[in-house]
Amino acid sequence: MARSWSRRELLRAAGLAAGAAITAPALSACGVGGTTEHPNGANAVSGGFDWRKASGQTVRLLQTPHPYQQSFQPLLTEFTDLTGIEVVVDLVPEGAYFTKLNTELAGGSGAHDVFMVGAYFIWQYGPPGWMEDLKPWIDNPAATNPDYDFEDIFEGLRTSTAWDFQLGSPLGSGGQWAIPWGFENNVICYNKAFFDQRGIKPAEDWGNFQQLAIDLTDRAQNRYGVTFRGSKSWATIHPGFMTQYSRMGFKDYTFANGELQAGMNSPEAIEFQKQWVDLARVAGPTSWTTYEYPNCTTDLGNGNAMMCYDADSATYPKNKPGASAQAGNLAWHPGPAGPDGSYATNLWTWSLAMNSAAKNKLPAWLFIQWATGKEAMSKAVPAAFADPTRQSVFDGAFKQTLGAFPGYLEAFETVVNSSKIQFTPQTKFFETTQGWAVALQDIYSGEDAAERLSSFASTAQSKVNV
Amino acid sequence: MAELMPGQKRLTPGAVISDIALVGWFVFALFPLLWMLLLAMKTPAEQTTTYFAFSPTLENFVTVLTQRGTDLTSVDFKSALLTSVINCGGAVIVSLLIGIPAAYAAGRWKFKGSEDLMFNMLSFRFAPELMVIVPLFVIYNEVGLFDTKAGMIWVLQLVTMPLVVWILRSYFQDLPEDLEQAALLDGYTRRRAFVMVALPLVRPGIAAAALLAFIFAWNNYVFPLILADTNASTVTVAITKFLGGGGQAYYNLTAAAALIGALPPLVLALSIQRYLVRGLSFGAVKS
Amino acid sequence: MTTVTKERPTAPGPELPTVPDSRRRLRPYILSLPALLVVVGILYPFVLGAYYSILNYAAANPNPEVVWFANFASVLADSDFWTSVRITAVFAIAATVIETVLGVGIALLLNRSSFVGKIFEKVLILPLMIAPVIAGVMWKLMFNPQFGVLNYVLGLGSSFDWLSKNLALWSSILVDVWTYTPFVAILVLAGIRSLPREPFEASEVDGASWWYMFRRLMLPMMWPYILVAVIFRFMDCLKAFDSIFVLTAGGPGLATRTLQIGAYEDSITFQNYSRGSTYMFLLWIIVFITARYLVKVLGKAQRRAAGAEEE
Chain C
1 MARSWSRREL LRAAGLAAGA AITAPALSAC GVGGTTEHPN GANAVSGGFD
51 WRKASGQTVR LLQTPHPYQQ SFQPLLTEFT DLTGIEVVVD LVPEGAYFTK
101 LNTELAGGSG AHDVFMVGAY FIWQYGPPGW MEDLKPWIDN PAATNPDYDF
151 EDIFEGLRTS TAWDFQLGSP LGSGGQWAIP WGFENNVICY NKAFFDQRGI
201 KPAEDWGNFQ QLAIDLTDRA QNRYGVTFRG SKSWATIHPG FMTQYSRMGF
251 KDYTFANGEL QAGMNSPEAI EFQKQWVDLA RVAGPTSWTT YEYPNCTTDL
301 GNGNAMMCYD ADSATYPKNK PGASAQAGNL AWHPGPAGPD GSYATNLWTW
351 SLAMNSAAKN KLPAWLFIQW ATGKEAMSKA VPAAFADPTR QSVFDGAFKQ
401 TLGAFPGYLE AFETVVNSSK IQFTPQTKFF ETTQGWAVAL QDIYSGEDAA
451 ERLSSFASTA QSKVNV
Chain Y
1 MAELMPGQKR LTPGAVISDI ALVGWFVFAL FPLLWMLLLA MKTPAEQTTT
51 YFAFSPTLEN FVTVLTQRGT DLTSVDFKSA LLTSVINCGG AVIVSLLIGI
101 PAAYAAGRWK FKGSEDLMFN MLSFRFAPEL MVIVPLFVIY NEVGLFDTKA
151 GMIWVLQLVT MPLVVWILRS YFQDLPEDLE QAALLDGYTR RRAFVMVALP
201 LVRPGIAAAA LLAFIFAWNN YVFPLILADT NASTVTVAIT KFLGGGGQAY
251 YNLTAAAALI GALPPLVLAL SIQRYLVRGL SFGAVKS
Chain V
1 MTTVTKERPT APGPELPTVP DSRRRLRPYI LSLPALLVVV GILYPFVLGA
51 YYSILNYAAA NPNPEVVWFA NFASVLADSD FWTSVRITAV FAIAATVIET
101 VLGVGIALLL NRSSFVGKIF EKVLILPLMI APVIAGVMWK LMFNPQFGVL
151 NYVLGLGSSF DWLSKNLALW SSILVDVWTY TPFVAILVLA GIRSLPREPF
201 EASEVDGASW WYMFRRLMLP MMWPYILVAV IFRFMDCLKA FDSIFVLTAG
251 GPGLATRTLQ IGAYEDSITF QNYSRGSTYM FLLWIIVFIT ARYLVKVLGK
301 AQRRAAGAEE E
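Protein chains in written order, with the numbering used here: chain C, 1 to 466; chain Y, 1 to 287; chain V, 1 to 311.
Same shape as in the complex, but just chain C (with noise of 0.2 angstroms):
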């Protein structure tokens, strides 16, 4: 046995020697590791602009079920028709979608053209030069059709998809890395018909919402006052929890001194998010800690939840007839103001992005404004398409839709000023925002928020600063 050992040890030993040996330079040959040289694409496109210049190619999407990317599908063909140029979907489950864009991107292999993206995964994404910055594509006439207007788009959106990826740096800088083609705004959602029957309006502050949530539980009766998500994800934070701990004037990080200062684990801040954690308790879903968002929206199309504090557009579909036991009593509301009447919220937008180791980057362009642009969204609108990025088509063709679904403009209309990314860019949001969330579960479970949040505080700054 001893002599069997010592040769497998030393034919292993040999192996992985001569493996790194080997690798060393065919990981560089393979495209591991190293910034892609991929120059971009938009100085290449000259002369006047033509929808069919790249007629006979192909552009091939990522993208992830969704109603964006439903309401879109059958408008497709039309976008073939127009360019002449065919669109390849590849379809990936949302649970294991950021899973398979990652490896891809990592990898270098230019598989997809154009994928879907949000504004956080710019700040992943971006820095190893994965991303075809806009910008040029946007600034040359020749690429871009005349009517694009790319301020119709709001600005708070223009300028979350845009950043230098230097510490401190604020968004809006730098690089244009996606063109915001949907968004939400995370507000609340409530059974309307319920509140009318007891006589109820929703809560205009903070207390006040935490009672009336408290007030509207009856665990007997499976009902309980508000749900939000709890998971173990990054995923848990950015919706109502950074709205409402932004509307209570908190910051996550302040620049200062030249790094990145942690907010979290101020006096008052972890007396909020003690109060939020409290609020899942008492008032929120029994599984709390596996809330994802579908599961917080069944639960309010199902009637067992009152409010939701989650994204508009993520309710929106629980409304339409039919499509939920809830259907029809919904309404929609702000959410609690801050104590100095502050609507601050915090933004998710599904926004298009370019490979930069496309090797079809003009279809990928032409296809990226077409959908960005105002006649296709426009036309997607009525198949449960919120919220449109425009202004004239949130004008337009939107609002009309919003007849059934009270409080729904009301409550768009009072947040869209002061709706931004709330939080502060840098490199090392998944692991510290999944952390964060760690941490609110771990409180849940019983730990002290303070000693909690203190812990995860100082070990999020030494990760951002690095």
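Calculated from the structure, these hints are not laboratory results. Computed from a predicted model, the values in this text were never measured in an experiment. Each hint should be verified, as a subset may be incorrect.
Unchecked claim - In silico DSS-like cross-links for lysine-lysine, where the CA-CA straight-line distance does not exceed 27 angstroms:
id : chain 1 : residue 1 : chain 2 : residue 2
1  : C       : K274      : C       : K463
2  : C       : K135      : C       : K359
3  : V       : K300      : Y       : K110
4  : Y       : K149      : C       : K359
5  : C       : K251      : C       : K399
6  : C       : K201      : C       : K399
7  : C       : K379      : C       : K135
8  : C       : K374      : C       : K399
9  : C       : K399      : C       : K379
10 : C       : K320      : C       : K374
11 : C       : K53       : C       : K379
12 : C       : K251      : C       : K274
13 : C       : K274      : V       : K165
14 : V       : K165      : Y       : K112
15 : C       : K374      : C       : K53
16 : C       : K135      : C       : K53
17 : Y       : K110      : V       : K296
18 : V       : K296      : Y       : K149
Claimed, not checked - Here are some, though not all, of the chain C residues that point toward chain Y, as calculated from beta-carbon distances under 10 angstroms:
id : residue
19 : P67
20 : V89
21 : T297
22 : A323
C-beta atoms are modelled at their ideal positions from N, C-alpha and C, and glycine is treated no differently.
Model the placement of chains Y and V on the given structure of chain C, informed by the hints.
Frame of chain C; chains Y and V shown alone:
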């Protein structure tokens, strides 16, 4: 009169208790499957609001198979089924073609390095998939195996080959040599002796190994997710696409798809069942 | 079939004067060559993956340099890593033990070939037909306190959380037991069915009790089959990912964060590939060592079973 093994008794209190215990297990095992079937027959409005009282519909099965009539974008389930059959069947066949000779060699003759080879095959099955996924992704793109059925068949060897080789080696170890010797003395070449004598005797083992390898390959999720797009994507990935997105979850479609997706391995299991009964002896002892 | 006392062949096969000596000696190697090539082919991406663990390759750092064992030092000093080791160990041991006990019990019961048993044997394999990732989705729906069928049927009410911090790991084990106990039962049942009858008939003639026959004859002879099932299940449980991730994403807190989930977080979510690779390399070492030990035990059990048969 049937021969009895220890535990095999006529109808006694012990027998009744044993039957009750069995029923207990099968209630536990079958209840979720039954529930899935009910879920697969519910409309979207009823999927999370009803338990056992609802108006059943077969609509979901039709939708899954024909991609028709939902606001959910088309998932080509039928071609995913076919691709899975090709990928997994192909992987098992390749494993058998390569593994049978190796298992025979290792089972028949204890040659220098056979133990090592066998253990190495086992240890690769137990390597975490995520460890190899990024290098594989890079390599596959370089050599053009990305999103190809051949590429999937190759990577599924990580799953199928160790099972096949390990199960079959024990069978070959137990195979009495005298039968082959008799064939050789009759003038057959070694190869013909193998094919005509040894192979049929290990048929149960081949059936069992093939079935288990097929099932594990069929249920694999990570490899087809990352290493395939449309050409080589499998059923297991396709099923998860029905979960929907943007807040609208179609659990009913997912359940329907999962039940349909479980049919091919089930058909395979039923068709080789007669081999399985004598089947999975790992050959420590032989009767 | 004649009962043969098996001795492991230690020399190449039967002699035939017509075959040249050298070719005969080479034969096993030639037969194994394709398999060896496959092993090498699989070794390459594996070595690459291991190579990441000595780099500092991450999305935030796309020009990696070799940092030798810095990642290992960092991971081994991380208390979260050790928590994950503990959780993975608890999961793997508990799941394997439960599945083995239940699987052997079911196999013994089915072996009686009662009427009930014959029916159920046909559907034994069904839970295996559902991929773990899908099983996780379905069980999560069943576990839901608000609308899940389990709390309804068991009368637990809407405040009972199967996936709370105290219960989440055990609920995950429950799902694994549901899926894989049939795997153990099938293996063991086929093993039982292939045992020779003579020793048992002889003992029954001698008037031995059931318990005596089980302990002295059946169990030792079944042991190798049980052990193979244990090896496969234990190794797979150490790598547990699919169903647990769907159920809890490794939460609440760290309650169900197995090693492969921890590796997933580092590699995929945070795109810190080097750290994730380090996790997985350490996991692989653990699995490797455990597998070697279990295979040794299996070898001993096989020899003992062969001895028991001769009784």
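- Query: Is C:K135 within 27 angstroms of C:K359, Cα to Cα?
  - Reply: 19 angstroms, holds
- Query: Within 27 angstroms, alpha carbon to alpha carbon, are C:K251 and C:K399?
  - Reply: 33 angstroms, violated
- Query: Against chain Y, is C:T297 within 10 angstroms by beta-carbon distance?
  - Reply: Check passed: Cβ of C:T297 comes within 5 angstroms of chain Y, closer than 10 angstroms.
- Message: Tell me if the interface restraint on C:V89 is satisfied: Cβ within less than 10 angstroms of some Cβ in chain Y.
- Response: 8 angstroms, holds
- Task: Take the C-alpha atoms of C:K374 and C:K53, compute the straight-line distance between them, and say whether it is at most 27 angstroms.
- Result: Status holds; Cα separation ~20 angstroms.
- Query: Are the Cα atoms of C:K201 and C:K399 separated by 27 angstroms or less?
  - Reply: 24 angstroms, holds
- Item | Satisfaction of hint between C:K399 and C:K374, Cα-Cα up to 27 angstroms | The given pair, whose Cα atoms are some 15 angstroms apart, holds under the 27 angstroms limit.
- Could you grab the alpha-carbon distance between V:K296 and Y:K149 and see if it respects the 27 angstroms cut-off? Roughly 37 angstroms between the alpha carbons, so the hint for V:K296 and Y:K149 is violated.
- Task: Could you grab the alpha-carbon distance between C:K399 and C:K379 and see if it respects the 27 angstroms cut-off?
- Result: OK: C:K399 and C:K379 at ~13 angstroms, within 27 angstroms.
- Message: Please verify whether C:K274 and V:K165 have alpha carbons no more than 27 angstroms apart.
- Response: Holds: C:K274 and V:K165 sit about 18 angstroms apart, inside 27 angstroms.
- Task: Given the hint that C:K251 pairs with C:K274, test it: the Cα-Cα distance must not exceed 27 angstroms.
- Result: The given pair, whose Cα atoms are some 16 angstroms apart, holds under the 27 angstroms limit.
- Query: Under the criterion that the straight-line Cα-Cα distance not exceed 27 angstroms, is the pair C:K135, C:K53 satisfied?
  - Reply: Holds. C:K135 to C:K53 sits at ~20 angstroms (cutoff 27 angstroms).
Hint compliance for this structure: hints 5, 14, 18 are broken, all remaining hints hold.
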